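Please arrange chain B on chain A, whose structure you already have, making use of the hints.
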Amino acid sequence: MSSTFRFKSLPQVLQTIAFSALAIALAMTAQAEQANSEPLAGFIQTKIKVAYRAWSIPTSIWYPAEGQAAEHIVGQNFVFEGTPVLDQTQIKQGKFPLFVFSHGSGSNMESMGWLASELVKSGAMVVAVNHPGSTSNDSSPRRSARFWERPQDLSAALDHVLADPVYGPHVDQSRIYTLGFSLGGMAVLQTIGARMDRDVYADYCAGAPDAPDCLFFGKGNVDFRLLDQGKFNASYEDPRLAGTIAIDPGMVAGMTPASISSIEKPVLLINLGTDDTLWPTINIGQSGLDLETRMVNATYVQIAPADHYSFLPECTENAPAMLMEEGEDPICDDPEGSDRADVHRQVIDAVRNFMDLGTDSPW
Amino acid sequence: MRFISIPTLLRTYQTLKPAILCASIAVTALAYSQSQAAFQEQAMSGYDRFDIKAAHRNALVQGSIWYPASTRTYASWIGGNAVFQGNRVMLGAGIKPGRYPLVVLSHGTGGNMDGLGWLSSKLVDAGVLVVGLNHPGSTSQDITPTSAARVWERPQDISAAIDEILADPVFGPNIDQSRIYTLGFSLGGISALQSIGLQMDISAYADYCVKEPASQGCAFFARGGVDFRKLDQAKANASYGDPRLAGTIAIDPGLTVALTQDSIRANTKPSLLINLGSDKTLWKAINVGPTGTQLAARLPGARYLQIAPADHFSFLGLCKKSGPEILREINDEPVCDDPKGADRADIHRQVIEAVRDFIDLTSNQKG
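One line per chain: the protein sequences are A and B, in this order. According to our numbering, the first sequence is numbered sequentially starting from 1. According to our numbering, the second sequence is numbered sequentially starting from 1001.
Keep in mind the hints are simulated off the structure, nothing from the lab. Fair warning: this is a prediction, and the values are worked out from it, not measured in the lab. The C-beta atom is built at its ideal place from N, Cα and C for all residues, glycine as well. There could be a bad hint or two in this list.
Claimed, not checked - In silico contact screen, one side only, chain A against chain B (beta carbon under 8 Å); selected entries:
1. 138
2. 140
3. 141
4. 143
5. 220
6. 223
7. 226
8. 274
As the list claims (entries may be wrong) - One side only, chain A facing chain B, incomplete, derived with CB under 10 Å:
9. 48
10. 51
11. 52
12. 53
13. 55
14. 58
15. 106
16. 132
17. 137
18. 222
19. 230
20. 231
21. 235
Claimed, not checked - Derived Cβ-Cβ restraints for the label pairs, each shown as a range:
22. A:52 with B:1096: 42 to 50 Å
23. B:1239 with A:52: 29 to 37 Å
24. A:52 with B:1324: 40 to 48 Å
25. B:1343 with A:318: 33 to 41 Å
Okay, chain B solo, but in the shape it has when bound:
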């Protein structure tokens, strides 16, 4: 429930630049010499951006799609910055025709669709199309606690993205409409759960924040003066279930304490819940296991997986070598440092595998 401020990073980068300059030129030379081999060894995902019309927003929403490429266009870098590694894609390439399952990603507070490229690119390798979107008001460089608290907007963004991509004359026909899933992380985790029909009682979250003011989510919203009791209760508590979805994947979802028991009990769609950490290490705010909100046990059709050692930030992209140092320099949270014994790349592999298995399994059940 926190975010990396890119402007802050850039400012820091500028103060560090004399030191970084030499290093980055050296790295560049290396990257250059390696780039050819890398291109030939590994097929890159196709990637393109699209504008999403969303009636509940006052501007178009930024969307993107990752897909198996059938042509070579221009290789481009997606999602990298001073701290995080990016991914290389074939920008705007043709799509390899097929009938692919679709996963729609919902990023965490202050995150963005391109930062999840490590996941999107690997899902494409597994034969899945991935749509990402940037949720206005709770994405990188466009985030306020007040906007992020409008919990009814994000699931509607997801449905708008599905509308848009299904209507696309190129991508739409390649989507297997019986296998559309959402996948969300952190604040996106609750959005994903809402997208299959789970409903909030936002006053329950207000109560929780009275009791746990220092918990990650509550502290963030409090900094923006958010009073959940003053939000539009009808909108916050409504159902945003999208009937086109076959299931959902929620990773370290926030706010699950506010999900209503009725909507949980009524759920019929399969879900995969992943916590990054163990019963002993998980933050209360995102723990859906036996020592947390027990959503995993209460939600019909849910599979639950703990990946450990890991923590919430292990879901973020792989860091560049200079990442930890830059974060230290600006006294930012050490989001590049994983718990002792944890390897972020390996955690990512486990997440990817779990998601792949879940999609295979649920589609087999359907078929």
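This is chain A alone, in the form it adopts within the complex:
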């Protein structure tokens, strides 16, 4: 069965092989000479300490690069193809729009590398985080239900980049956008003013215990009515944002109608699938939860044929068999007639159009 929250259940074996993957990535960094025809994103990793978490937030910054540097593959593992980057090279001169990325439940920032890399090639910067408690190898229903932490992580990542003496000055502060997928789609809508209502969401799960999101939280004994209502329902709007991009956002049923209709910033809403194929929980078009018309300034795009998992990276050749053997969801199988690389290109184009970014590398 497909579910919103199973899209990134990497087989257990992947945890074992983390070191092999690291080794492979490192082995490929051997000072590759960069071909000028294919400019790669510059890339650094760091960790951000925040007051509301005991664990720091793994963070990566992707940026237009200048000069030579070691090539490095980010996010390569036995299931997914990785993304090549230039490790810790210089940032190009100029001001760039900035995207703040929020991954889906149980996924990670590296899995959005295909998108980060292409947006950088269009002249943007990206900062991406791993949300503790709802990321790969640390995907807990109890902690994923703390919906108030993810939007704060995004604001903390933005604080970090803007305060950074190297990267901060390159951010065009009039063009800062959040971009999130699935659970991350909810988080980015919160960053532009959507507010959750604990009891509305609790009622929704009481009425639909088999909905994929409710099922996931139920597995961790989550009772939404026992969560901190003040934190749950608060606004996590970040005034520095110019807008947001939400792809297959989850938990929209738990958002207050008033907060949705009060959002005036431009929003790009993307659904992967058609009215006929979309899961009800993530269908935000007019045949579903209709954020399309309930938000004043929304642009809605359906990309099809595709499904929720099409947002994940392209898979390695052996991945489908491995997933099947592990009893995992078929996260590498796209719908009939669909090509994941092509779906990715359409997502990239939609974001570029929305942002009015160049489609070609600016250098």
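Same frame as chain A, now just chain B:
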């Protein structure tokens, strides 16, 4: 009283990587083929992390809980690294409802809660909930002698962890509040003893270090320039007894030379003291038996057990095959090598059994 530096290990790993790469891919393939069978044969513990609010700390403290799982979520690896084996858990799974005894773990200097997964997972199998925490300033990748010397912080971390887990709406109601124990190793051993009310006279430890500057603990603190006489004596010597505790387990506890005779004599709670080694082999710094501080004989209600052949490091997790070689390569202490004739897995079994028996016995006495 020492620790494995993960950054150092990683650096070493990177220098070794061409050799390790092939080996690790082979191991991976094997692990993959075995993983399915392993999952089906053995129920995994539930595991989740939580943030601990602690008024005496300037940041949230990292906590974790191991428990019998009632649902299948995502299997995840906990606590493994280049040297040590990890444990597989059902991350964030639902808890099997019950009234479980609780054991709160206090790791050793430079250790961490997840490194004790070999113990936590087996205690869960025996029907015990286990809470772990990472003591800021004396845990892996966050350790300085100066921070580790603040002996009053660790027992307060333990109490804060108990506060947090009892208040948790999911886990709290499943805890038998008459059966809460602490269990500490090495520096965590003294923290565990403090948690049932034993008090230090930190100047006694300063005296000891003058006489025994080369002993494991003293040498470690000296490297950071710690002068125990300059620490806040009131805080160091205060009582951190937590009235909610039913008893404690201390394994190779450090600093027991500084425990006051009055607080030892006044103790009424049961304790289990374990030394890993024999009278002949134990380091003086952690020997609580007849040839050491004799705490075992002086502490009312204490049971004492020596497990041998074994040494202090036998309490650490099982090593990976490549562990000893990596440690040799970086000239680190051979913490994967057990004494002649000792088998770490078997030592672990004996520790687990002793802890299980102790908890059963003390609860029977209570009941």
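Structure-based check of all given hints:
The interface hint given for residue 138 (chain A) holds, since its Cβ lies 7 Å from the closest Cβ of chain B, which is under the 8 Å cut-off. The interface hint given for residue 140 (chain A) holds, since its Cβ lies 3 Å from the closest Cβ of chain B, which is under the 8 Å cut-off. A hinted interface residue such as residue 141 (chain A) counts as satisfied when its beta carbon comes closer than 8 Å to some beta carbon of chain B; here the least separation is about 5 Å, so the hint holds. Hint status for residue 143 (chain A) relative to chain B: holds, with the closest Cβ pair at about 7 Å, below 8 Å.
With a cut of 8 Å, the hint placing residue 220 (chain A) at the interface with chain B holds, because the nearest CB-to-CB distance is about 5 Å. At its closest, the beta carbon of residue 223 (chain A) sits 7 Å from a beta carbon of chain B; the interface hint therefore holds under the 8 Å criterion. Evaluation of the residue 226 (chain A) hint against chain B yields a held restraint, the C-beta minimum of about 4 Å falling below 8 Å. Residue-level restraint check for residue 274 (chain A) is violated (minimum Cβ-Cβ distance to chain B is 30 Å; threshold 8 Å).
Because the beta carbon of residue 48 (chain A) sits about 13 Å from the nearest beta carbon in chain B, more than 10 Å, this interface hint is broken. This hint holds: residue 51 (chain A) has a C-beta 7 Å from the nearest C-beta of chain B, less than the 10 Å allowed. For residue 52 (chain A), the interface hint holds, the least distance from its beta-carbon to any beta-carbon of chain B being 8 Å, beneath 10 Å. At its closest, the beta carbon of residue 53 (chain A) sits 6 Å from a beta carbon of chain B; the interface hint therefore holds under the 10 Å criterion.
With 10 Å as the threshold, the beta carbon of residue 55 (chain A) comes within range of chain B, its nearest partner Cβ sitting at about 6 Å, so the hint holds. Nearest Cβ of chain B to the Cβ of residue 58 (chain A): about 14 Å, over the 10 Å cut. The hint is violated. Interface restraint check: residue 106 (chain A) against chain B, minimum CB-CB distance 7 Å, threshold 10 Å, status holds. Because the beta carbon of residue 132 (chain A) sits about 8 Å from the nearest beta carbon in chain B, less than 10 Å, this interface hint is met.
For residue 137 (chain A), the suggested interface contact is upheld, since its CB lies about 5 Å from the closest CB of chain B, less than 10 Å. For residue 222 (chain A), the suggested interface contact is upheld, since its CB lies about 8 Å from the closest CB of chain B, less than 10 Å. Given hint, residue 230 (chain A) at the interface with chain B, is violated; its Cβ is 16 Å from that chain's nearest Cβ, farther than 10 Å. With a least beta-carbon distance of about 13 Å to chain B, the hint placing residue 231 (chain A) at the interface is violated under the 10 Å criterion.
Interface restraint check: residue 235 (chain A) against chain B, minimum CB-CB distance 22 Å, threshold 10 Å, status violated. At about 30 Å, the beta-carbon gap between residue 52 (chain A) and residue 1096 (chain B) misses the expected band of 42 to 50 Å. Checked against the hint of 29 to 37 Å, the C-beta distance between residue 1239 (chain B) and residue 52 (chain A) comes to roughly 32 Å, which is consistent with it. The beta-carbon spacing between residue 52 (chain A) and residue 1324 (chain B), approximately 41 Å, falls within the hinted interval of 40 to 48 Å.
As the Cβ distance of residue 1343 (chain B) to residue 318 (chain A) is approximately 38 Å, the hint placing it in 33 to 41 Å holds.
The structure does not agree with the numbered hints 8, 9, 14, 19, 20, 21, 22 stated previously, though it agrees with the rest.
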